[in-house]
Amino acid sequence: MSGADGKKGPSTSVMEWIGTACRFATDRNDFRRNLLVNLGLFAAGVWVARNLSDFDLMSPQPIT
Amino acid sequence: MLLADSFTGCWLISKVCYSLKSMGSVLAASSPSPAPAAAGGSQGVSGLVSVPPGFSMPSVSSVPPTSGSGADADSTLPNPGTYEECHRKCKEVFPLQMDGVRLVVNKGLSNHFQVCHTVTLSTLGESGYRFGSTYVGSKQIGPAESFPVMVGDMDNTGSLNAQIIHQLTSTVRSKIAMQTQQHKFVNWQCDMECRGEDFTSAVTLGNPDVLVGSGILVGHYLQSITPALALGGELVYHNRPGEEGAVTSLLGRYTGDNYVATLTLGGAGAHATYYHKANDQLQIGVEFEASTRMQETSTSLGYQLDVPKANLLFKGTVDSNWMVGATLEKKLLPLPLTLALGALLNHRKNKFQCGFGVTIG
Chain X
1 MSGADGKKGP STSVMEWIGT ACRFATDRND FRRNLLVNLG LFAAGVWVAR NLSDFDLMSP
61 QPIT
Chain Y
1 MLLADSFTGC WLISKVCYSL KSMGSVLAAS SPSPAPAAAG GSQGVSGLVS VPPGFSMPSV
61 SSVPPTSGSG ADADSTLPNP GTYEECHRKC KEVFPLQMDG VRLVVNKGLS NHFQVCHTVT
121 LSTLGESGYR FGSTYVGSKQ IGPAESFPVM VGDMDNTGSL NAQIIHQLTS TVRSKIAMQT
181 QQHKFVNWQC DMECRGEDFT SAVTLGNPDV LVGSGILVGH YLQSITPALA LGGELVYHNR
241 PGEEGAVTSL LGRYTGDNYV ATLTLGGAGA HATYYHKAND QLQIGVEFEA STRMQETSTS
301 LGYQLDVPKA NLLFKGTVDS NWMVGATLEK KLLPLPLTLA LGALLNHRKN KFQCGFGVTI
361 G
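Chains X and Y are the protein sequences, given in the same order.
Counting in full-length UniProt numbering, the first sequence runs without a single skipped number right up to 64 at its last residue.
Counting in full-length UniProt numbering, the second sequence runs without a single skipped number right up to 361 at its last residue.
Because the hints were derived from the structure by calculation, they are not lab data.
Be aware that a few hints might be false.
Only some residues are given here: those of chain Y computed to face chain X with a beta carbon under 8 Å [as the list claims (entries may be wrong)]:
{"id": "1", "residue": "Ala272"}
{"id": "2", "residue": "His276"}
{"id": "3", "residue": "Ala278"}
{"id": "4", "residue": "Ile284"}
{"id": "5", "residue": "Val286"}
{"id": "6", "residue": "Phe288"}
{"id": "7", "residue": "Ala290"}
{"id": "8", "residue": "Gln295"}
{"id": "9", "residue": "Thr297"}
{"id": "10", "residue": "Ser298"}
{"id": "11", "residue": "Thr299"}
{"id": "12", "residue": "Leu301"}
{"id": "13", "residue": "Asn321"}
{"id": "14", "residue": "Trp322"}
Ideal Cβ positions, reconstructed from N, Cα and C, are used throughout, including at glycine.
Just chain X, same shape as in the assembly (with noise of 0.2 Å):
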């Protein structure tokens, strides 16, 4: 009996805690999830602008 409550006690703990992060991922009036998400956006914002705008639209089409 101790043996099977010991077992579901770690399980229901990470089980509590991925509710709670799930919620609070989902939660789109908690202004510290919106900060996280935003500066994640931000972040994305300057890798595409640094990685992805490589191309030039002046150059010859290549000839097909």
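Knowing the structure of chain X, use the given hints to seat chain Y on it.
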């Protein structure tokens, strides 16, 4: 944007002044936004007003000029520019919101004087007629800088926006700006800016009222630490009967070969911008804003596509509030016409607005 609501009036003047600076530009004539861009003219921030050829205007550069002999380790540090211009390079990449129909006619009457007629037809905003004029004096400081500069703008209801900029000495520049709503003065402010070799400081006095004992005082300081790094701060103090307070913020700007990263941190929130010039045609801007007062954050991505061979300028933006917008500007050569189309889609609120503008001259 980080200032408290009670400072809105003072900063409205700044935004009005920025919009006055490019009276002749269709994109800039949609007045709510600051940071107007010269319509297909020379690079981003040259000049306060978009002017016809042969018209000299003072130029303001947000990026410190690179010195010709920068190889020495102990070379003098460049002037970092002004505090307000630190975020401007990124802001100019984003399209301005356009609504309704706008017709702008620019006419240069002489090398010193220019007038502008604007007719606006709008469903969301107010429709009307605005008359604007710009005078540039003959005191030439540099190749593209002449003072004094006087800019005025009046609409059909009699509301006036006006500013006077003058270079008092080689390092001190002053500006007086005022705004009226019909016959009543709404905003008036005066500022003095001092540009040293490696620093810029400015003091602005907004809406001073000696009788009531109220006013707003803003101090800026920006110092070049290295040729690429500039640090600065802002102090805003406001006083009126029964209320007194101050807000401070710190700013840091790092300039690379083809990018500028700027961060402003203050008690009211944070503002970060990243500007990247990929090549001669493509510029990208990313902006992050967080307001602890409003408990809101947002991120925006904007890009600008400039194809001079096609006389085309395209700007697009998307942000974290599910808003998508774009403007297209096309010069219809050989006619002195510029056509502008703009649209904004707010997916979250299911709203759409579009605008159309023609600039002549």
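How the hints compare with the structure:
no.: 1; hint: Ala272; result: holds (6 Å)
no.: 2; hint: His276; result: holds (4 Å)
no.: 3; hint: Ala278; result: holds (4 Å)
no.: 4; hint: Ile284; result: holds (4 Å)
no.: 5; hint: Val286; result: holds (4 Å)
no.: 6; hint: Phe288; result: holds (4 Å)
no.: 7; hint: Ala290; result: holds (6 Å)
no.: 8; hint: Gln295; result: holds (5 Å)
no.: 9; hint: Thr297; result: holds (4 Å)
no.: 10; hint: Ser298; result: holds (6 Å)
no.: 11; hint: Thr299; result: holds (4 Å)
no.: 12; hint: Leu301; result: holds (5 Å)
no.: 13; hint: Asn321; result: violated (10 Å)
no.: 14; hint: Trp322; result: violated (12 Å)
Checked against the numbered hints given earlier, the structure breaks hints 13 and 14 and satisfies all the rest.
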